[in-house]
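Fit chain B to the given chain A structure using the hints.
Protein sequences appear in the order of chains A and B.
My numbering applies: residue 1 is where the first sequence begins, and numbers increase by one.
My numbering applies: residue 1 is where the second sequence begins, and numbers increase by one.
Simulated from the structure, these hints should not be mistaken for laboratory data.
Note that the Cβ used here is the ideal one computed from N, Cα and C, for glycine as well.
Each hint should be verified, as a subset may be incorrect.
Here are the simulated DSS-like pairs of lysine-lysine, each with C-alpha atoms no more than 27 angstroms apart in a straight line [said to hold, decoys possible]:
1) A/Lys-139 x B/Lys-157
2) A/Lys-68 x B/Lys-122
3) A/Lys-253 x B/Lys-122
4) B/Lys-157 x B/Lys-124
5) B/Lys-157 x B/Lys-122
6) A/Lys-191 x A/Lys-139
7) B/Lys-124 x A/Lys-253
8) A/Lys-68 x B/Lys-124
9) A/Lys-139 x B/Lys-122
10) A/Lys-68 x A/Lys-191
Partial list, computed: chain B residues near chain A (C-beta under 7 angstroms) [to be verified]:
11) Ser-54
12) Ala-58
13) Val-63
14) Leu-66
15) Ser-67
16) Gly-69
17) Thr-79
18) Val-83
19) Tyr-89
20) Gln-92
21) Tyr-120
22) Gly-129
23) Ser-130
24) Glu-135
25) Leu-176
26) Glu-179
Per the computed footprint, the stretches of chain A lying under chain B, defined by three or more beta-carbons under 8 angstroms from a beta-carbon of chain B, are [claimed, not checked]:
27) 109-120
28) 123-133
29) 171-184
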Amino acid sequence: MPVFCTVADAVRDLIHDGDSVALEGFTHLIPYAAGHEIIRQGRRNLTLIRMTPDLLYDQMIGAGCARKLIFSWGGNPGVGSLHRLRDAVERQWPQPLELEEHSHAAMANAYAAGASGMPCAFFRGYRGADLPQVNPRIKFVSCPFSGETLTAVPALRPDVAVIHAQKADREGNVLIEGIVGVQKEAVLCSKRSIVTVEEVVDDIGTRGGNAVALPYWTVTAIAVAPRGAHPSYAHGYYARDNAFYVAWDAIAKDRATFTAWMDRHVLHGGGDTQ
Amino acid sequence: MSTAAYSPAEMMTIAASRALCNDDVCFVGIGLPSAACNLARLTHSPRVTLIYESGTIATRPSVLPLSIGDGELCETALTTVPVVEMFQYWLQGGRISVGFLGGAQIDRYGNLNSTVIGAYDKPKVRLPGSGGATEIATSCGRIFIVMRHNPRAFVAKVDFITSLGHGRTGRERRDLGIETAGPALLVTDLCVMRPDAETKEFIVTALHPGITSEQVRQNTGWVVRFAESVGETAPPDPYELEVLRDLNARTARAHGTAGPAE
Chain A
1 MPVFCTVADA VRDLIHDGDS VALEGFTHLI PYAAGHEIIR QGRRNLTLIR MTPDLLYDQM
61 IGAGCARKLI FSWGGNPGVG SLHRLRDAVE RQWPQPLELE EHSHAAMANA YAAGASGMPC
121 AFFRGYRGAD LPQVNPRIKF VSCPFSGETL TAVPALRPDV AVIHAQKADR EGNVLIEGIV
181 GVQKEAVLCS KRSIVTVEEV VDDIGTRGGN AVALPYWTVT AIAVAPRGAH PSYAHGYYAR
241 DNAFYVAWDA IAKDRATFTA WMDRHVLHGG GDTQ
Chain B
1 MSTAAYSPAE MMTIAASRAL CNDDVCFVGI GLPSAACNLA RLTHSPRVTL IYESGTIATR
61 PSVLPLSIGD GELCETALTT VPVVEMFQYW LQGGRISVGF LGGAQIDRYG NLNSTVIGAY
121 DKPKVRLPGS GGATEIATSC GRIFIVMRHN PRAFVAKVDF ITSLGHGRTG RERRDLGIET
181 AGPALLVTDL CVMRPDAETK EFIVTALHPG ITSEQVRQNT GWVVRFAESV GETAPPDPYE
241 LEVLRDLNAR TARAHGTAGP AE
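Isolated chain B, as found in the complex:
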């Protein structure tokens, strides 16, 4: 298999996977976060604890689950707890260090919308809604986000705050007395962004290889800022690519679909 070339989606998942470590206890969202979290477990962090909201704790699936409750998540978990217990003891109880989320819309402060496009009472597009995300966003130690970078998703103002980032002004977490850190990392198919220490606005800290700052500007719905020194993301190494491609191929075979579930 040639490893010289890789897709923007592969770069995104690999860059996101590098954010986790063995000591993390991670609440995993379905889709892009699930791919990144399992890639981390299958490469550099075999002891990372992955938790899905169906109650499966320390699960080790061999393929990416299509849903948060696929049977393999339960069969390979250390334990499976009832859903009430998952949200009460484990999430609200502060046992989870990282929540890994995506969404349909994000703004510069990492507020996420997965509820509606347009007005709530007359939506243009009715999206699935919160699921676990609303409380994941405030109860996990930190929030990592992985999303495809385009102007429809990266907007100046999200239509609905499903999950609080740093709020409409960047100061809401402190004002509400929320002690968890909130969005700490945003990985896209173009770049890596981290919040400014002072304003909490996401700024570009690294561009993926071959991506220009102009591409990021064109795909961001607000006037995006760049760090004083913007780095370059390390390209996928052959091992990361091989493991990711094997995972995606196993997943496609398992679900009878043409590609990985997103």
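If we strip away everything but chain A, and leave its shape as in the complex, we get:
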């Protein structure tokens, strides 16, 4: 049975300097509350894994948490650049950031391979693209049956997966509804997992249904974090704060405004971004 604890306790006990950590959530259910706690506790030299490092990883990279980023799309969706990610890559601020870059198809397959206990994923990818020339972890193999050239990437096996979900029951079974992304795969491929939830209820109400339910024995720790995905969203609870995603562009563009914002809203704030 998972431990029910605070977000601070979960981060303190389960995430260590140097760990590989996947905070997942595909636009929806991004675990901001947990990410902000990682920043507050000053974790360093993390390998951050995420298909779409958006504002949360911009904040974690700018705050100096990350040594390496494994990703497939690093932007502010519909708005533009992630300025802190760019500053780290283009000017090594606040420290150099090693990149392991993939496509979405590769990352999705690598998560599925990790969850399946496979050493790598095979798929039909990267044909004619330049990424295999700059990422030595993309390799090509022949199908033993057809001879077709297929792509292989190593399975993802993070130390810790961190996700946000709508609710858990008192045993620790977790419900995810809406755009479900790769969260199930991220939890199942990781050594440890932290799930923050909007609320804990008597009955998550999915028995026999086909929403994503993670059984309690797949989860290490559960922490209640109301609005813990804001400015991302929790289907059925609150909407995506698109105005904040637009506003972030100006905040993050400049190191001083970024640092001041983080100081006020994350380091000394309640963790929410409003």
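Below, chain B alone, put in the same frame as chain A:
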């Protein structure tokens, strides 16, 4: 509302929207492609199937999403599938007839760069990267592209091939055994381009009303060729303009921004 005047951006989105039909199953990129695809659905092709990489299949948003995973995409979709399934069964499985893409750079063969400007290890500008685009480019039946036409974007050689068009020479798809058609249409704010049947190089097949071939030459970073008979794009009709402007106004109100998301 006056419909006599329209902007180059409106002409571009409307011309791009005309390329889709009811039978298409379209993988939609965010920004300009998303505007064109939803305009098609709201005007001439109400049954077109729009798919976003967040897993939403046959979605019918009332405003343009800011991200590929806005809540409304899920709420109005026929079904929402996990992201692994989206890339395995639906995209790689060959179920999608059109991929609608944009990019930061394009060359004459429709190769797209959304990764870096400059060298990969020492980039002048670090762009977002592939997202779904790398496999969309080779797994969808055909690729339509919509981009603003300027010399910084329309370059002789893309700095990085994020998404394969017809390759550096125009022959790479055949050489790699790729059976999908690749880039079949390029719509800009100046003109419509289609690949030459033989060389696969994009050539201008229609100019938007009031645009000269000289303007296209000046805004293209390679020596651009024109079809033997260059047509003129039909101007936006009042209905197309009205629906597009309503969509953009709803979108601006919904996202608290001054204009449509791009």
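These are the hints, each one checked on the structure:
no., hint, verdict
1, A/Lys-139 x B/Lys-157, "26 angstroms, holds"
2, A/Lys-68 x B/Lys-122, "16 angstroms, holds"
3, A/Lys-253 x B/Lys-122, "20 angstroms, holds"
4, B/Lys-157 x B/Lys-124, "16 angstroms, holds"
5, B/Lys-157 x B/Lys-122, "18 angstroms, holds"
6, A/Lys-191 x A/Lys-139, "25 angstroms, holds"
7, B/Lys-124 x A/Lys-253, "16 angstroms, holds"
8, A/Lys-68 x B/Lys-124, "20 angstroms, holds"
9, A/Lys-139 x B/Lys-122, "23 angstroms, holds"
10, A/Lys-68 x A/Lys-191, "19 angstroms, holds"
11, Ser-54, "5 angstroms, holds"
12, Ala-58, "15 angstroms, violated"
13, Val-63, "10 angstroms, violated"
14, Leu-66, "4 angstroms, holds"
15, Ser-67, "3 angstroms, holds"
16, Gly-69, "3 angstroms, holds"
17, Thr-79, "11 angstroms, violated"
18, Val-83, "5 angstroms, holds"
19, Tyr-89, "11 angstroms, violated"
20, Gln-92, "6 angstroms, holds"
21, Tyr-120, "5 angstroms, holds"
22, Gly-129, "5 angstroms, holds"
23, Ser-130, "4 angstroms, holds"
24, Glu-135, "4 angstroms, holds"
25, Leu-176, "5 angstroms, holds"
26, Glu-179, "11 angstroms, violated"
27, 109-120, "holds (count 3)"
28, 123-133, "holds (count 9)"
29, 171-184, "holds (count 6)"
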